[in-house]
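Visitor: Sequence:
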Amino acid sequence: VPLIQVDKHKVLQIMVNVIRNAKYACQEARSGEKRVTVRIRATDSSVLISVIDTGVGIPGENLERIFNHGFTTRPDGHGFGLHSSALAARELGGSLHAQSAGPGQGATFTLALPLASPESPDVR
34 VPLIQVDKHK VLQIMVNVIR NAKYACQEAR SGEKRVTVRI RATDSSVLIS VIDTGVGIPG
94 ENLERIFNHG FTTRPDGHGF GLHSSALAAR ELGGSLHAQS AGPGQGATFT LALPLASPES
154 PDVR
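Each residue of the sequence shown is one higher than the one before, counting from 34 in my numbering.
To be clear, the hints were calculated from the coordinates, so they are not data collected in a lab.
One should not assume that every hint holds.
Quick list of in silico lysine-lysine cross-link-like pairs, DSSO-like style, CA-CA up to 27 Å [claimed, not checked]:
1) Lys43 x Lys56
2) Lys56 x Lys67
3) Lys56 x Lys41
Could you put the whole structure together from the sequences, leaning on the hints where they help?
Guide: Pasting the structure below:
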């Protein structure tokens, strides 16, 4: 994976939120293997970090709303984690997206971060 210029604290904030949500989704799943996988790959213009879980999945109608401030499906949730993560991704010049085939199908969250230009200093 190539070097990227990034604020590591913001990336850590995003990853902690996404992995915490994946862990919760797996804990809530009633059956099957409970697994969280992190994959990193590069494209021509970005580094993609995906968190894939085998948890409860996300209904299609919620995929559009999960990044909204205040939206939560948890009884003890505040609806701030994914919202702040999406904002942090944008501040880094990237994006955060979610995919799910629906309830019981797990979910994938992908953080896309732009590659550093050759003249950029190495900020890790």
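Visitor: Between Lys56 and Lys41, is the straight-line Cα distance small enough, at 27 Å or below?
Guide: At roughly 22 Å apart (the allowed maximum being 27 Å), Lys41 and Lys56 satisfy the hint.
Visitor: Is the Cα-Cα distance between Lys43 and Lys56 27 Å or less?
Guide: Roughly 20 Å separates the two Cα atoms, so the pair holds.
Visitor: Does the alpha-carbon distance linking Lys56 and Lys67 stay inside the 27 Å limit?
Guide: holds, 9 Å
The structure meets every hint from the earlier list without exception.
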